[in-house]
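Produce the complete structure using the sequences and hints provided.
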Amino acid sequence: MKTIFRARALSMSITLTLFSIFNSGAYAQTSNDLINDQKTTSDVLVYGMGYNAQRYSPLAKINKSNVKRLVPIWGYSMADNRGSEAFPVIHNGLIYTTAHNVTVAVDALSGKEVWRVTHEYPPETLRVVCCGIVNRGVAIFEGKIIRMLLDNNIIALDAKTGKEIWKTASPPPATISNGYSMTGAPLIVNGVVLVGVAGAEFSARGFLEGYDANTGKHLWRTYMVPAPGEPGSETWPGDSSLTGGGTTWVTGSYDPELDLVYWGISNPAPWNPRGRKGDNLYTNSVVAIRPKTGERVWHYQTTPQDPFDYDAVQTPLVAMIKVNGQSRKVVIQANRNGFIYVLDARDGKLLAANTFGRVNWADGVDMTTGRPNVTDVFRGALEGKLVTVWPSVSGVTNWQHYSYSPKTELLYVNTLHIGMTYQADEPTPLKPGSPSGPPSVKRTTVLDDPNVRGFLKAVDPMTGKSKWEAPFKSPNYSSTLVTGSNLVFTGVMTGEFQALDADTGKVLWSFKTPSGIIGQPVTWEKNGKQYLTIMSGIGGVYALRAGDPNLANVPAGASLWTFGLFDK
Amino acid sequence: MPLNFIPVIRQAFSFWSILFKALALFFIFISTNVMAECSLKDVKVLIDEVLDQDKQKAIEFMKQVKSGYDSLDVIGKLMSESNRAKIDECRFQAAEYLTKRGHPPAH
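Order-wise, the sequence lines are chains P and L.
FYI, this note's numbering numbers position 150 of the first sequence as 150, with every residue one higher than the one before it.
FYI, this note's numbering numbers position 107 of the second sequence as 107, with every residue one higher than the one before it.
I should point out that these hints are in silico values taken from the structure, not numbers from a laboratory.
Since the structure is predicted, the reported quantities are computational estimates derived from the model, not experimental observations.
Hints may contain errors.
For the chain L half of the interface with chain P, some residues (derived, Cβ under 10 Å), not all of them [as the list claims (entries may be wrong)]:
#1 Glu-37
#2 Cys-38
#3 Lys-55
#4 Gln-56
#5 Ile-59
#6 Phe-92
#7 Thr-99
#8 Gly-102
#9 Ala-106
In silico DSSO-like cross-links for lysine-lysine, where the CA-CA straight-line distance does not exceed 27 Å [to be verified]:
#10 L:Lys-77 x L:Lys-100
#11 L:Lys-77 x P:Lys-385
#12 P:Lys-385 x L:Lys-44
#13 L:Lys-44 x L:Lys-57
#14 P:Lys-61 x P:Lys-506
#15 P:Lys-112 x P:Lys-512
#16 L:Lys-100 x P:Lys-473
#17 L:Lys-41 x L:Lys-100
#18 P:Lys-431 x L:Lys-86
#19 L:Lys-63 x L:Lys-100
#20 P:Lys-431 x L:Lys-100
#21 P:Lys-407 x P:Lys-465
#22 L:Lys-66 x P:Lys-473
#23 P:Lys-39 x P:Lys-473
#24 P:Lys-526 x P:Lys-112
#25 P:Lys-431 x P:Lys-473
#26 L:Lys-44 x P:Lys-512
#27 P:Lys-526 x P:Lys-68
#28 P:Lys-512 x P:Lys-64
#29 L:Lys-86 x L:Lys-66
#30 L:Lys-41 x P:Lys-385
#31 P:Lys-322 x P:Lys-385
#32 P:Lys-39 x P:Lys-431
#33 P:Lys-385 x P:Lys-431
Beta carbons are placed, not taken as given, at the ideal position from N, Cα and C, and that holds for glycine.
If you want it as structure tokens, here you go:
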């Protein structure tokens with residue numbers, strides 16, 4: 001009798017376990033699923049195609065010999081005319097993506113809309129959106145699609161239906177009137193939704209914060225600029241830190257083994273440095289954060305007392321690379337200031353810092369102190385002199401994401417080749433919400449060649465040297481993706497989605513989408529076939545503000561595209 | 001004489017009077033603390049007035065922008081305080097319009 005009872009109990013428990021596994025496979029993306037994202041090529045669950053943000057896929061079905069047969073499978077209109085910067089998340093046959101005011105789920109193979117949710121925000125929100133009315137995508141966790149909204153709300157939707165599960169407003173002072181907005185994509189680590197803010201051009205005081213993914217409860221907030229009296233406040237005069245920028249508008253990365261989140265911190269506010277003498281911690285830094293508590297474990301500052309908007313928000317990428325012949329886990333950041341930094345992932349120790357574009361504000365980095373060896377250009381800027389600076393405020397790279405191939409051991413990074421004249425007048429007082437970027441300095445654009453404003457480069461992260469450089473008329477603000485077949489994919493602002501040879505930089509394939517591309521390519525497989533997905537839709541800071549004549553006639557219009565090999 | 005004031009004082013502190021004053025104060029508070037809504041149509045007219053109809057201001061605008069000052073900031077400074085506030089309420093759209101007019105702001 002006991003044996004029969006045990007057998008029935010065992011059978012029931014096996015059934016329940018199988019049911020729960022089946023169910024979790026369908027809609028519950030557990031923390032383990034997110035950790036294994038880079039290995040599971042049938043889906044794309046984490047911003048950056050894996051917690052390490054390498055944007056590397058081992059998929060190799062599309063390769064150098066067949067890439068010319070790549071064709072669009074379908075296109076889907078977002079019915080929006082703003083910039084399309086979103087990272088598509090793919091799971092269980094659906095693609096989830098966003099515009100600034102819309103979240104959609106689309107069938108991955110047919111492009112048919114499954115659900116579409118529109119989000120409204122107050123019209124005054126746009127006053128503090130400095131650099132494009134955009135959103136960079138969603139995060140997925142246990143059946144929920146979680147995103148940020150421009151007006152500082154975080155929202156969770158049912159992945160099956162789009163129905164709202166929870167919505168939480170970021171607590172005060174994160175309001176539009178205080179200069180805050182949200183344009184990024186969340187990062188979910190062990191059930192904590194990590195969220196960053198924008199607003200360093202509107203005198204906001206930046207922070208990173210954590211929310212419970214299941215309930216939306218606010219768990220913690222870590223300011224990236226200390227208040228007077230807090231550690232680091234000695235690097236700010238008076239109470240200038242309270243309007244000091246240091247925002248967190250681009251998504252970070254995570255290392256599960258060390259349980260550290262890596263996040264890039266923005267420029268100080270105002271751009272004009274003359275009223276904030278000191279290093280201005282923790283602006284323009286890479287910080288390592290404990291995701292459960294928000295505790296700052298280490299930081300490395302790239303541009304102390306930055307005058308030039310050298311916003312260090314570029315996603316720190318985690319990789320194992322050889323340093324002095326030894327394999328070492330590192331964090332790599334190709335920084336807007338023109339240097340590639342390689343830091344020890346455990347403690348932030350500087351291992352390498354070399355330029356990967358034209359730089360004249362510093363002639364190197366002191367490897368003992370980690371500080372830049374600044375030149376007269378930098379010193380002159382602090383004194384209010386008129387100087388010519390490379391790179392410009394747009395940087396050698398901007399927010400667009402680079403990829404890293406463990407096969408070629410190279411970083412594939414879209415760069416800008418633009419300088420500027422610069423002068424900072426006497427600074428004016430600020431209050432939260434007041435413009436603190438362009439009005440605070442004078443600048444004009446300087447070009448070497450108006451027909452080469454950017455390059456896609458394959459760079460050795462330890463030396464900064466390029467294996468190859470592909471010139472582009474206008475810089476690419478699309479991110480890059482590199483695959484196991486040594487193909488690099490990226491988008492061009494005139495609309496071309498391209499595949500380049502990762503070994504030589506030769507363009508092997510190109511398809512013209514209807515608008516300009518500033519989106520993030522991803523790749524995935526289904527039923528034994530490899531696909532690529534990217535958004536097209538010009539917008540964002542460069543297209544809106546650079547006055548680049550090459551882009552004057554590029555039509556707006558956001559759309560989502562999926563490509564595959566032509567079968568016949 | 002003092003007796004004449006009693007109804008006035010009574011009226012001043014009556015329930016309805018206090019409620020009315022409180023509501024008036026509330027609306028004054030709201031109107032001064034809530035941001036006004038952007039009116040792009042008005043802003044376009046204001047920008048066009050500086051660039052197309054006031055030769056001196058247009059010359060000053062071009063001179064300052066050429067020297068590196070931010071076009072959005074400059075155009076606001078060439079207007080009255082109330083019109084500058086209208087531009088500020090509409091910063092993003094005003095910047096887009098200036099870009100269309102060939103004077104993109106710096107960021």
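Quick rundown of the hints versus the structure:
The beta carbon of Glu-37 (chain L) comes within 5 Å of a beta carbon in chain P, closer than 10 Å, and the hint placing it at the interface holds. Because the closest C-beta pair between Cys-38 (chain L) and chain P is about 6 Å apart, less than 10 Å, the hint holds. The restraint placing Lys-55 (chain L) at the interface with chain P is violated, with a minimum CB-CB distance near 24 Å, outside the 10 Å limit. Proximity of Gln-56 (chain L) to chain P is violated relative to the hint, the smallest CB-CB distance being about 21 Å (cut-off 10 Å).
Annotation: Ile-59 (chain L) was flagged as interfacial toward chain P, and the flag is violated, the nearest CB pair being 18 Å apart, outside 10 Å. The criterion of a C-beta within 10 Å of any C-beta in chain P is met by Phe-92 (chain L), whose closest approach is roughly 4 Å, and the hint holds. Satisfaction of the interface hint for Thr-99 (chain L) is found here, the shortest Cβ-Cβ separation to chain P being roughly 6 Å, below the 10 Å cut-off. Taking 10 Å as the C-beta cut-off, the interface hint given for Gly-102 (chain L) holds, the closest approach to chain P being about 8 Å.
Satisfaction of the interface hint for Ala-106 (chain L) is found here, the shortest Cβ-Cβ separation to chain P being roughly 4 Å, below the 10 Å cut-off. Taking the CA atoms of Lys-77 (chain L) and Lys-100 (chain L), the gap is about 20 Å. The hint holds against a cut of 27 Å. Under the criterion of a C-alpha separation no larger than 27 Å, the hint pairing Lys-77 (chain L) with Lys-385 (chain P) is consistent with the structure, at around 23 Å. Restraint check for Lys-385 (chain P) and Lys-44 (chain L): not satisfied, since their Cα atoms lie roughly 35 Å apart, outside the 27 Å limit.
This hinted pair checks out: Lys-44 (chain L) and Lys-57 (chain L) have alpha carbons roughly 16 Å apart, not beyond 27 Å. With a C-alpha separation of about 19 Å, the suggested pair Lys-61 (chain P) and Lys-506 (chain P) falls inside the 27 Å cut-off, and the hint holds. With a CA separation close to 22 Å, the supplied pair Lys-112 (chain P) and Lys-512 (chain P) stays within the 27 Å bound. For the given pair, Lys-100 (chain L) sits about 21 Å from Lys-473 (chain P) by alpha-carbon distance, which is consistent with the 27 Å threshold.
Proposed proximity of Lys-41 (chain L) and Lys-100 (chain L) is supported: the alpha carbons are some 15 Å apart, at most 27 Å. A threshold of 27 Å between alpha carbons decides the hint, and for Lys-431 (chain P) with Lys-86 (chain L) the separation of about 19 Å falls inside it, so the pair holds. For the given pair, Lys-63 (chain L) sits about 19 Å from Lys-100 (chain L) by alpha-carbon distance, which is consistent with the 27 Å threshold. Distance restraint check for Lys-431 (chain P) and Lys-100 (chain L): the Cα-Cα separation of roughly 30 Å exceeds the 27 Å cut-off, and the hinted pair is therefore not satisfied.
For the hint pairing Lys-407 (chain P) with Lys-465 (chain P), the CA-to-CA distance comes to about 17 Å; that is within 27 Å, so the pair holds. Our distance criterion of 27 Å between C-alpha atoms is met by Lys-66 (chain L) and Lys-473 (chain P), whose separation comes to about 24 Å. Note on Lys-39 (chain P) and Lys-473 (chain P): the hinted pairing is violated, with a Cα-Cα distance of about 36 Å set against a maximum of 27 Å. With a C-alpha separation of about 16 Å, the suggested pairing of Lys-526 (chain P) with Lys-112 (chain P) holds against the 27 Å cut-off.
The hinted pair formed by Lys-431 (chain P) and Lys-473 (chain P) fails the criterion: a straight-line CA distance of about 39 Å is larger than 27 Å. Only pairs whose Cα atoms come within 27 Å are accepted, and Lys-44 (chain L) paired with Lys-512 (chain P) is rejected, the gap being roughly 34 Å. Restraint check for Lys-526 (chain P) and Lys-68 (chain P): the C-alpha separation of about 20 Å stays at or below 27 Å, so the hint holds. Straight-line distance between C-alpha atoms of Lys-512 (chain P) and Lys-64 (chain P) comes to about 19 Å, which keeps the hinted pair within the 27 Å bound.
Between Lys-86 (chain L) and Lys-66 (chain L) the alpha-carbon distance is near 24 Å, which keeps this suggested pair within the 27 Å criterion. The suggested pairing of Lys-41 (chain L) with Lys-385 (chain P) is violated, with an alpha-carbon distance near 39 Å, which exceeds 27 Å. Taken as a hint, the Lys-322 (chain P) and Lys-385 (chain P) pair is broken in the structure, with Cα atoms around 42 Å apart against an allowance of 27 Å. Proposed proximity of Lys-39 (chain P) and Lys-431 (chain P) is contradicted: the alpha carbons are some 47 Å apart, above 27 Å.
Restraint check for Lys-385 (chain P) and Lys-431 (chain P): the C-alpha separation of about 26 Å stays at or below 27 Å, so the hint holds.
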